[in-house]
Amino acid sequence: MKSSRLEVVEMQIATGSRIVIHGTRVGDAERHGEVLEVRGDDGGPPYLVRFDDGGESLIFPGPDLELEHRGDTPGPS
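Position 2 (the sequence shown) corresponds to 2 in UniProt numbering; numbering is contiguous.
Source of the hints: derived by calculation from the structure; they are not laboratory data. Since the model is a prediction, treat every value here as computed from it, not as a measurement. Glycine is no exception: its CB is placed at the ideal position from the N, C-alpha and C atoms. Do not rely on the hints blindly, as some may be mistaken.
To be verified - Here are the in silico distance ranges between beta carbons for each label pair:
1) Glu66 with Gly40: 12 to 20 Å
2) Val26 with Leu48: 25 to 33 Å
3) Gly55 with Thr15: 15 to 23 Å
4) Arg18 with Phe60: 13 to 21 Å
Please work from the sequences and hints to get the whole structure.
Below, the structure is given as structure tokens:
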């Protein structure tokens, strides 16, 4: 029988990274933005983010945040 193992994947968030924060409730929109500054020790949070709607926030990411990768959208077949 295989033992189960939890793999931890650390995000590499840096100045210029694009992020997406998923809505936490039904009907909440996703927020997309760019990291302007990494203010934590060793590249950790908090992060100053400019969202695509022009707003800026200092965030401590939760499980609803992921890195946005350009080119992940499937193209025409």
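Structure-based check of all given hints:
For the pair Glu66 and Gly40, the beta carbons lie near 18 Å from each other, so the given range of 12 to 20 Å is met. Range check, Val26 to Leu48: about 29 Å between beta-carbon atoms, so the 25 to 33 Å window is met. Hint check: Gly55 to Thr15, Cβ distance near 18 Å, so the stated range 15 to 23 Å holds. Take Arg18 and Phe60: their Cβ atoms lie about 18 Å apart, and the range 13 to 21 Å holds.
Checked against the numbered hints given earlier, the structure satisfies every one of them.
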